[in-house]
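Peer 1: As they're listed, the protein sequences go chains A and B. To convert, count from 1 in the first sequence and add 164; that's the numbering used here. To convert, count from 1 in the second sequence and add 189; that's the numbering used here.
No wet-lab data here; the hints were simulated from the structure. The reader is advised that the hints may include incorrect statements.
Said to hold, decoys possible - Which residues of chain A face chain B? A few of them, derived with a C-beta cut under 8 Å, are:
{"no.": "1", "residue": "Val228"}
{"no.": "2", "residue": "Met230"}
{"no.": "3", "residue": "Val231"}
{"no.": "4", "residue": "Asp232"}
{"no.": "5", "residue": "His296"}
{"no.": "6", "residue": "Tyr345"}
As the list claims (entries may be wrong) - Below, computed lysine-lysine pairings styled on DSSO-like, alpha-carbon distance capped at 27 Å:
{"no.": "7", "chain 1": "B", "residue 1": "Lys292", "chain 2": "B", "residue 2": "Lys261"}
{"no.": "8", "chain 1": "A", "residue 1": "Lys253", "chain 2": "A", "residue 2": "Lys352"}
{"no.": "9", "chain 1": "A", "residue 1": "Lys366", "chain 2": "A", "residue 2": "Lys352"}
{"no.": "10", "chain 1": "B", "residue 1": "Lys202", "chain 2": "B", "residue 2": "Lys261"}
{"no.": "11", "chain 1": "B", "residue 1": "Lys292", "chain 2": "A", "residue 2": "Lys253"}
{"no.": "12", "chain 1": "A", "residue 1": "Lys200", "chain 2": "B", "residue 2": "Lys202"}
We treat Cβ as the ideally placed atom computed from N, Cα and C, and that holds for glycine.
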Amino acid sequence: MRLGLFNTAEHGAPISKSERASRHSSGWAQMLQHLKAQPELRVLDVGPTSPNNINYLTSLGHSVYMVDLVEDAARPEWLLPQEDGSPAKFDVERFLAANLDFSGRGFDVVLFWDTADYLPESLVGPVLERLHQVMYTGAYLLAFFHTRAEAPGTAFCRYNLTDSDSVEIQAAATAPLLSVYNNRSIEKLFSAYSSYRFFLAKDNLREVIVTR
Amino acid sequence: MKLGEGSPTVIGKTVGIRGELTGGEDLFMDGQIDGTITLAESRLTVGANARLLADISARDVIVFGRVEGDIKATGRVELRQTGSIVGDVASARLSIEEGSYMKGNINLTDAAIMNRSLGTGIAEIPIVRQPASVLSITEGTSEETEQAEHSVLFREK
Chain A
165 MRLGLFNTAE HGAPISKSER ASRHSSGWAQ MLQHLKAQPE LRVLDVGPTS PNNINYLTSL
225 GHSVYMVDLV EDAARPEWLL PQEDGSPAKF DVERFLAANL DFSGRGFDVV LFWDTADYLP
285 ESLVGPVLER LHQVMYTGAY LLAFFHTRAE APGTAFCRYN LTDSDSVEIQ AAATAPLLSV
345 YNNRSIEKLF SAYSSYRFFL AKDNLREVIV TR
Chain B
190 MKLGEGSPTV IGKTVGIRGE LTGGEDLFMD GQIDGTITLA ESRLTVGANA RLLADISARD
250 VIVFGRVEGD IKATGRVELR QTGSIVGDVA SARLSIEEGS YMKGNINLTD AAIMNRSLGT
310 GIAEIPIVRQ PASVLSITEG TSEETEQAEH SVLFREK
């Protein structure tokens with residue numbers, strides 16, 4: 165199945181958990197070249213557990229670290245009630261310690277996908293800062309950003325890797341899209357990184373490869 | 190047949206253990222443990238009711254329940270649909286079912302790469318090694334274009 169606009173199948177129906185829709189990804193195509201050219205990379209794959217991705221990345225000889233930030237961030241345990249009645253604050257430090265403490269391990273590749281769009285805004289900057297700390301110099305990060313907030317097409321999905329220039333998209337959870345970042349906002353998010361490269365598409369996903 | 194021959198030792202779901210568990214025979218663990226499990230030449234099956242807060246070392250480890258800790262297996266690790274692992278996995282072979290949960294590092298030995306065994310519902314993906322150039326991020330203009338389906342923007346700090 166090919167993916168149409170708004171992350172729907174071409175016939176217009178939303179992607180279900182059992183369906184996978186194929187989407188061309190220039191960012192993934194570039195990253196795949198790197199993954200095939202370099203041996204024994206350490207890859208951080210952010211998202212719901214994907215047996216497909218684990219098998220594929222390990223078949224290339226790389227080690228994989230899996231972490232699902234969106235699902236974990238949605239838990240109420242991170243919210244700190246405020247005494248003055250103002251909205252609860254997200255406990256960023258505790259979240260980072262629980263989810264992004266890699267015990268000194270560094271990474272050559274981070275597959276961040278569209279995670280930023282589904283995290284609380286106060287968490288996105290600190291998460292990218294932590295990733296910057298754990299990425300080796302010259303390491304690459306692949307991120308997707310939605311260009312529109314309207315549903316359908318904003319369902320949280322798992323990106324499954326393929327041995328081609330496409331990724332397969334599979335509905336993963338009911339997490340709502342919380343933010344839409346424009347190019348300038350994305351540049352700010354990655355201001356600490358050395359360079360970035362955008363890939364535009366006709367659908368509503370903007371892709372970027374960032375170099376540490 | 191003698192008692193225990195051909196069937197694993199079973200630790201039921203009401204049993205809780207704190208400390209080190211070692212053995213030389215297959216074990217079905219459905220209880221709780223806070224410590225370590227070492228079964229050098231044997232198989233550990235983590236039952237659906239099991240809650241293990243333990244580093245595990247065994248030949249094979251099959252996980253239906255919940256494991257928090259690192260797993261080292263000289264043979265295979267199987268993470269079944271109901272299972273979850275929070276910790277690092279180092280094994281020769283690995284299979285993970287759809288619907289399971291994994292948080293941590295996965296490191297397979299070279300033997301695993303050459304002799305992979307995939308789990309239920311997982312499509313085998315052929316290893317295709319093609320000559321490929323190293324990904325290079327080219328410095329260039331910031332001119333933006335949208336007419337091509339996948340046009341490329343270059344930006345440099």
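Peer 1: Among all the numbered hints in the text so far, which are the ones the structure does not match?
Peer 2: Per hint list: 5, 6, 12 violated.
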